[in-house]
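On the provided structure of chain A, position chain B as indicated by the hints.
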Amino acid sequence: MSQRFVREQGTQSVPDYQSRVRRLALIYVGIVVVCVSAIVLIIYQGKLLITLSQRSNVETLTLVFIIVLFAYLALLSLPGFWGALQIALLDAPRWFGKDHDEVERRKQAALGQHEGEPDTVFLNCRLTSDHAPDDPLTFPLDDGSGSLGTIVIDGAKLTRVEATRGGSNSIFAYVEQRLSQLVKQRISDARIEIVQWATISDEEGLQYYAMVQFSENLQRVLKTEPLWPTYAVTDDDVATLRRELVELCPTLRNEALLPDVEYSVEHRLPIIPEPLAFISLSRSESRADPAASMGCALLIAVVILAVVAVIVLFPPWVPAR
Amino acid sequence: MSMKRRIVAITLVALVGLLTAACFGPKPTVVSHELSPPEQPGQPWVMHATVKNRGSGEGQVAVTARLIDPQTGTVVAANETTVTMQGHETTIVAIDLQPPTDGPFDEEVEAEYPT
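Listed in order, the protein sequences are those of chains A and B.
If you use the working numbering, the first sequence corresponds to residues 1 to 321, in order.
If you use the working numbering, the second sequence corresponds to residues 1 to 115, in order.
Simulated from the structure, these hints should not be mistaken for laboratory data.
The C-beta atom is built at its ideal place from N, Cα and C for all residues, glycine as well.
One or more hints might be untrue.
Said to hold, decoys possible - Rough simulated footprint, nothing fancy, chain A against chain B, three-plus residues with beta-carbon under 8 Å:
{"#": "1", "region": "55 to 63"}
{"#": "2", "region": "103 to 115"}
Said to hold, decoys possible - Every beta carbon over 10 Å from chain A, so not counted as near; a handful from chain B, in silico:
{"#": "3", "residue": "V8"}
{"#": "4", "residue": "E39"}
{"#": "5", "residue": "Q40"}
{"#": "6", "residue": "R66"}
{"#": "7", "residue": "V76"}
{"#": "8", "residue": "T82"}
{"#": "9", "residue": "P99"}
Bound conformation, chain A alone (with noise of 0.2 Å):
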């Protein structure tokens, strides 16, 4: 449940990282839209709901709480906002009959190159070519339109090397996800995972792979089979893989003109709440995806939004002055 909804949402097949990509650009003016609607709605009707506040011995101050977060979510909503209304304006020639490759190389051209470190992320496991065990693994994100990148497999590493601006760790989570279940269908118990996310806690990745390259030159010297779990991927593998991610390439375009909000998550639940707080489940994950956390954040946006419309529709009774 939380691989699929909070760390890897949307990443089983191109149409599901499709929907999700579509899903998530409509998060992003949805919070937007709800911030400015929630904001407005705040001060026009600023008379009723202090009042109100003031009658209830709820603070006023509540209220400027509210705009300051919606103002804050809005602002951290804007580039996301933006990158959707370019994927719509860069989109728009295509359904006016415009050739899909003009429009892809548009929007290739609207990327720039990704600067610093290339995103990697590790594995559980090793995985290798059941022919070449030595020789990294390479799955190109090029359909023609321009280069993407290219997602290279070494060992458990995986990073996407040459990639344009932009993007996510999503595209590791759709490979790992497809490798696993071509894999499951030779070795049925087999068990792929993303296991550290370096954009996300780089640390912590550096030394989880030490210990596997640690695994590795043990290997060499004892010349013994692998001692860290591997897997072998065959060439069908590859080439469907290779197939995939060339169809997903217009995907990854828009994915890039979003914005990579993408944090490690806790959740906690208080047993008893502050300041009693004796006991208090918590619950993290080591990437929550930006679709699950927008997404949970437009949820919040609406549920207020709903609150402060559904009391200027129908105030509470509230004590005479």
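What follows is chain B alone, placed relative to chain A:
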């Protein structure tokens, strides 16, 4: 969404609506108003406003009457009175006004909640 889940969701929303219905305040509207001149010199003008609570909630409503000079648009007299209204109740409120002249006036009456 399955039918069973839909029924549960609708029931929950209805239950929340029902439980919170008692917490609502009134929704007052001025249905009509009539200005009566003073019966004797020195007495106030009286604005009789019929206020209807269109909601089921109860609470204190402020009814404000204003007399406006049509030539200048200046408010020449204004007064406010509060009345506690029950759900769906209609009440007539009398508001005294002391304009400095004998008119004519434009009349303005509004009912507000919360006060």
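Now the hints, each set against the structure:
Only residues whose C-beta sits within less than 8 Å of a C-beta in chain A count toward coverage, and the region 55 to 63 of chain B has 5 of them, enough to reach three; the restraint holds. Only residues whose C-beta sits within less than 8 Å of a C-beta in chain A count toward coverage, and the region 103 to 115 of chain B has 3 of them, enough to reach three; the restraint holds. Look at B:V8: its CB is around 19 Å from the nearest CB on chain A, clear of 10 Å, so calling it non-interface holds up. The claim that B:E39 is not at the interface with chain A holds, since no C-beta of that chain comes within 10 Å of its own (minimum 32 Å).
Against the 10 Å criterion, B:Q40 stays outside the reach of chain A, whose nearest CB is about 33 Å from its own CB. No Cβ of chain A approaches the Cβ of B:R66 within 10 Å, the least distance being about 18 Å, so the stated non-interface status holds. With a least beta-carbon separation of about 25 Å from chain A, B:V76 lies farther than 10 Å from that chain, consistent with its non-interface assignment. Non-interface call for B:T82 relative to chain A: violated, since the shortest CB-CB distance, roughly 7 Å, does not exceed 10 Å.
For B:P99, the shortest C-beta to C-beta distance to chain A comes to about 26 Å, beyond the 10 Å cut-off, and the non-interface label holds.
Hint compliance for this structure: hint 8 alone is broken.
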